[in-house]
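Chains as they are written, first to last, in the working numbering: chain A, 1 to 327; chain B, 1 to 330; chain C, 1 to 300.
Source of the hints: derived by calculation from the structure; they are not laboratory data. Be aware that one or more of the hints could be misleading.
Claimed, not checked - Here are the simulated distance ranges between beta carbons: (1) B:A244 - A:R197: 26 to 34 Å; (2) A:R147 - B:K24: 52 to 60 Å; (3) B:R39 - C:V214: 38 to 46 Å; (4) B:R39 - C:A130: 43 to 51 Å; (5) B:K24 - C:V214: 46 to 54 Å; (6) A:R200 - B:R77: 57 to 65 Å.
To be verified - Negatives, chain A to chain B, calculated, CB over 12 Å: (7) M82; (8) F241; (9) L253; (10) R258.
Quick caveat, the model's predicted, so the values are computed rather than measured. Even for Gly, the Cβ is constructed at its ideal location relative to N, Cα and C.
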Amino acid sequence: MLLEVENLQTSFRTAAGFLRAVDGFSFHVADGETVALVGESGCGKTATALSLLGLIPPSQGVIAGTVRWRGTDLFALGDRAMRDIRGKEIGMIFQDPSASLNPVLTIGHQIGEILRRHQQLDRRAATERAVDLLDLVGVPEPHQCLRDYPHRLSGGLQQRVTLALAMACNPKLLIADEPTSALDATIQAQILDLITRLKRSTGVAILLITHDIGVVAEIADRVMVMFAGRKVEDAPVADLFRSPRHPYTLALLAAAPRLQRSSGNESNQGAGSPAFGASRISASGCTYAARCPLATDLCRTLAPVVETKAQQHFVACHFASREASAA
Amino acid sequence: MSALLEVHDLKKHFVKPAPAFAPKPIVYAVDGVSFAIARGETLALVGESGCGKTTLGRSVLGLHGITAGRIVWNGRRIDHLSAGALRPLRRQVQAVFQDSNRSLDPRMTVGDLIAEPLRNFGLVGGEQQTEQRVADLLDLVRLARTYARRRPHQLSGGERQRVGLARALAPRPDLIVCDEAVSALDTFTKLAIINLLKEIQRTLGTALLFIGHDLAVVDSIAHRIAVMYLGKIVEIGTREQIIAAPKHPYTAALLSAVLAPDPTTRGERIVLQGELPGAAHPPTGCRFHTRCPRDFARCHIEEPRLAQDSSDRDTVGQQVACHLYNGSGA
Amino acid sequence: MSAASTPAPGIAAAPVASETQQPKSGLSRIVHRYPPLALGATLLAVLMAIAALAPLLGTVDPSVPSPINRTLPPSASFWFGTDMLGRDLYSRVIYGARVSLTVGLSVALLASLFGSIIGFVSGSVRWSDAFIMRVMDGLMAIPPVLLAIAFMTLTRASIANVILAIAIAETPSVARLVRATVLSLREQPYIDAAIVAGTPPAMIIWRHLLPNAVAPIAVQATYICAAAMIIEAVLSFIGAGIPSVIPSWGNIMADGRALWQVKPYIIFFPALFLSVTVLSVNLLGDGLRDALDPRATGTL
Numbered sequence: 001m002l003l004e005v006e007n008l009q010t011s012f013r014t015a016a017g018f019l020r021a022v023d024g025f026s027f028h029v030a031d032g033e034t035v036a037l038v039g040e041s042g043c044g045k046t047a048t049a050l051s052l053l054g055l056i057p058p059s060q061g062v063i064a065g066t067v068r069w070r071g072t073d074l075f076a077l078g079d080r081a082m083r084d085i086r087g088k089e090i091g092m093i094f095q096d097p098s099a100s101l102n103p104v105l106t107i108g109h110q111i112g113e114i115l116r117r118h119q120q121l122d123r124r125a126a127t128e129r130a131v132d133l134l135d136l137v138g139v140p141e142p143h144q145c146l147r148d149y150p151h152r153l154s155g156g157l158q159q160r161v162t163l164a165l166a167m168a169c170n171p172k173l174l175i176a177d178e179p180t181s182a183l184d185a186t187i188q189a190q191i192l193d194l195i196t197r198l199k200r201s202t203g204v205a206i207l208l209i210t211h212d213i214g215v216v217a218e219i220a221d222r223v224m225v226m227f228a229g230r231k232v233e234d235a236p237v238a239d240l241f242r243s244p245r246h247p248y249t250l251a252l253l254a255a256a257p258r259l260q261r262s263s264g265n266e267s268n269q270g271a272g273s274p275a276f277g278a279s280r281i282s283a284s285g286c287t288y289a290a291r292c293p294l295a296t297d298l299c300r301t302l303a304p305v306v307e308t309k310a311q312q313h314f315v316a317c318h319f320a321s322r323e324a325s326a327a
Numbered sequence: 001m002s003a004l005l006e007v008h009d010l011k012k013h014f015v016k017p018a019p020a021f022a023p024k025p026i027v028y029a030v031d032g033v034s035f036a037i038a039r040g041e042t043l044a045l046v047g048e049s050g051c052g053k054t055t056l057g058r059s060v061l062g063l064h065g066i067t068a069g070r071i072v073w074n075g076r077r078i079d080h081l082s083a084g085a086l087r088p089l090r091r092q093v094q095a096v097f098q099d100s101n102r103s104l105d106p107r108m109t110v111g112d113l114i115a116e117p118l119r120n121f122g123l124v125g126g127e128q129q130t131e132q133r134v135a136d137l138l139d140l141v142r143l144a145r146t147y148a149r150r151r152p153h154q155l156s157g158g159e160r161q162r163v164g165l166a167r168a169l170a171p172r173p174d175l176i177v178c179d180e181a182v183s184a185l186d187t188f189t190k191l192a193i194i195n196l197l198k199e200i201q202r203t204l205g206t207a208l209l210f211i212g213h214d215l216a217v218v219d220s221i222a223h224r225i226a227v228m229y230l231g232k233i234v235e236i237g238t239r240e241q242i243i244a245a246p247k248h249p250y251t252a253a254l255l256s257a258v259l260a261p262d263p264t265t266r267g268e269r270i271v272l273q274g275e276l277p278g279a280a281h282p283p284t285g286c287r288f289h290t291r292c293p294r295d296f297a298r299c300h301i302e303e304p305r306l307a308q309d310s311s312d313r314d315t316v317g318q319q320v321a322c323h324l325y326n327g328s329g330a
Numbered sequence: 001m002s003a004a005s006t007p008a009p010g011i012a013a014a015p016v017a018s019e020t021q022q023p024k025s026g027l028s029r030i031v032h033r034y035p036p037l038a039l040g041a042t043l044l045a046v047l048m049a050i051a052a053l054a055p056l057l058g059t060v061d062p063s064v065p066s067p068i069n070r071t072l073p074p075s076a077s078f079w080f081g082t083d084m085l086g087r088d089l090y091s092r093v094i095y096g097a098r099v100s101l102t103v104g105l106s107v108a109l110l111a112s113l114f115g116s117i118i119g120f121v122s123g124s125v126r127w128s129d130a131f132i133m134r135v136m137d138g139l140m141a142i143p144p145v146l147l148a149i150a151f152m153t154l155t156r157a158s159i160a161n162v163i164l165a166i167a168i169a170e171t172p173s174v175a176r177l178v179r180a181t182v183l184s185l186r187e188q189p190y191i192d193a194a195i196v197a198g199t200p201p202a203m204i205i206w207r208h209l210l211p212n213a214v215a216p217i218a219v220q221a222t223y224i225c226a227a228a229m230i231i232e233a234v235l236s237f238i239g240a241g242i243p244s245v246i247p248s249w250g251n252i253m254a255d256g257r258a259l260w261q262v263k264p265y266i267i268f269f270p271a272l273f274l275s276v277t278v279l280s281v282n283l284l285g286d287g288l289r290d291a292l293d294p295r296a297t298g299t300l
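All chains, please: the whole structure from these sequences, using the hints.
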């Protein structure tokens, strides 16, 4: 097991007190596995990734729980050791490529810096490796690209470069936070295709964070659905789409825009979709109770525990045993 | 059906600044686009970054002048009108913009924002009548009447779009231009706004020019779809024709890039090679040939015209600009 | 990273609530959220009251000399002491508040007015922009005090001329600010939306541009007020400002300059009042800047 997270809790300091973004989230990622973390904006998925990598300074938030990377407790490590792991063993790419690309340095400089720091390569070796990396991610004319500044590249190319940066040291895990949300559809197809090929050629494990259930269907092996800081469902991808069990998952799948491929515009999309409104963590009770069409008093008072269904399919819902397909 | 809006060979070019004595680069944002919208119908304009759909929307709204071509509204040519002459016509053509662009003045209350077009066109008398109309419009977009006193930053993205829609509906326009109106919203809100738009169209008969980049979203709301690439329409037809039987390779690629929530269709994508060319340097011949999986010699030299595929008589009304089909450049 | 116990659950990070609480009643809310604003405004109000009510505050005619009583330290009969001509310093300082506040507020008003007009024209009328801005740049290159001194040498000393001199020196900063504000506001999408909604250009300026421009101008005006009071004091200090007959804090300090080592109280009190006034105006400005941000409150 590459990554084991137990009971992760992250709270941010705000003017209005503490905001609990992640509320007891446990999961694991195995070698070579692509795990998708999906949920709407504000559910805590990005906070999870930032917490794992130690990217939330104490002045901003408080983190609790255990995170084990290949057996080592990450929270017990010092800054230096953490930095090493971040660069060498875990790579990360973001939605906005300019979050990873320094606008005043050339691409070659930025890739080279990582290679020299983590792999102690000399100038020439680093340049060669950089070209190989750019080839790996499908950048045309890599030598020219090394000399370019980030702003000269299109969004798709920039994202390829950030992938190259993330993969530079052959990490075991790639954390991708909304990697294609800002890209055009055909470019998204290219990048997802690239990620699939990278998976096959390097065997890297991927923690994919997204709100787009279509992207999940395209590249994930396993899916975790998150709502208001908690995991509500966790299943292999085929299983999740074939028989979703949590009411929130059902609503998410029903609301996802999809092509009709039939005559008539009438669709039952969204029939029974949840009412809108804030999702509050009550001190007890299911976080989804306020929006759930199936909620009962039990749901409002007792938080459901994650139960295992058949074939590694976990659900946190009191009604998971029944057919929860009421939408 | 008489056409509400007709656009003939519209061109909008931007001249970019350049240092003295250097040739000024021209961005061919919209380069010869023609279409029509009938009363009560929804035409979707779909394309990726740089295809010119936003510029086209702004041209139709008269937010800037056009370089060439004609815009005809209800039989009357309007592209050459002055701002003052155009203003009374604006009552009939309204818009909902992309929320992330902050299209609501942050200092005004929701009530004032919705009332603005009412006051501009003299559609209300005193304060009381204005309040009543604003309340009715809030009802129409399913917002509580108390929202009239709030300000935009107190609202969520979806609520702001509803306000924008209420404002657009205030003067009872014949056409609403939706410029990426749902692109910045999350899944559930997107769905809600689309359903609201459909309902509005059903009850009020408003036509919609829906500009977007997501074919799945467009599929649920459009009657006809026009696909744009680098300033031109490459294919146009009814929703069924475009979604079920696209002819242009770009349309096919765009459709295949829509990711269905279905893992069994994995890996069946058409993945285009290469990057989108910049709008200042469109490729010669067919603009799509640099990325087209089915291009051949003629595509590099000659630009195809948008025309009916004469060999396929079943698809009346579907036009495609591609050398693979008869009638386009033949 | 700490593995300390996490705080009790609060509101989860979630999509914005569709119900927002109604703001509490005006004044107490303003005081609570913007201490600088409340403090600055209160102090300034007190100072303005002092200036307005000068005759009622136990003062005597500030220009009446009384050589017998010259340079007396503070005492029961002369609360702040007396200057070289035996004039009651307390009265001079209190009446001096009138001058300083008048100059400060007038300059702020005039500079804001001129600067707004110039900046607005520059931002709206493309071809005038380059020319106007170069003139403003030129003026700004000269330190305001020097500019004011130069102007004063060309005219006779009076309050009106001092106000005019300082106003001219401070106008360019407002002009630049307004120009920048106009340029950025013009690009805002809600301007497009207003055009589409049929709003005529004059109304767009009145309804959309001006309200959004008022905040930065108001904040800048308070800073100009503070600067103007200091410049006036400097001018009077070096004798290029208001004639000594009319008490101003700068004048009083100028008079006491020669004696400050033996009779520090002459300079001390006007300096104290000037500092407090400038502080209160700056606090007001900072507070206004935060309070007028529409995204912060929604009330102002």
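Hints versus structure:
1. B:A244 - A:R197: 26 to 34 Å: 30 Å, holds
2. A:R147 - B:K24: 52 to 60 Å: Check failed, 27 Å falls outside 52 to 60 Å.
3. B:R39 - C:V214: 38 to 46 Å: 44 Å, holds
4. B:R39 - C:A130: 43 to 51 Å: Given range 43 to 51 Å: holds, Cβ gap about 49 Å.
5. B:K24 - C:V214: 46 to 54 Å: Given a distance of about 38 Å, which is not inside 46 to 54 Å, the answer is violated.
6. A:R200 - B:R77: 57 to 65 Å: 58 Å, holds
7. M82: Check passes; 32 Å lies beyond 12 Å.
8. F241: 6 Å, violated
9. L253: 6 Å, violated
10. R258: Contrary to the label, A:R258 does not stay out of reach of chain B, its closest Cβ about 5 Å off (not over 12 Å).
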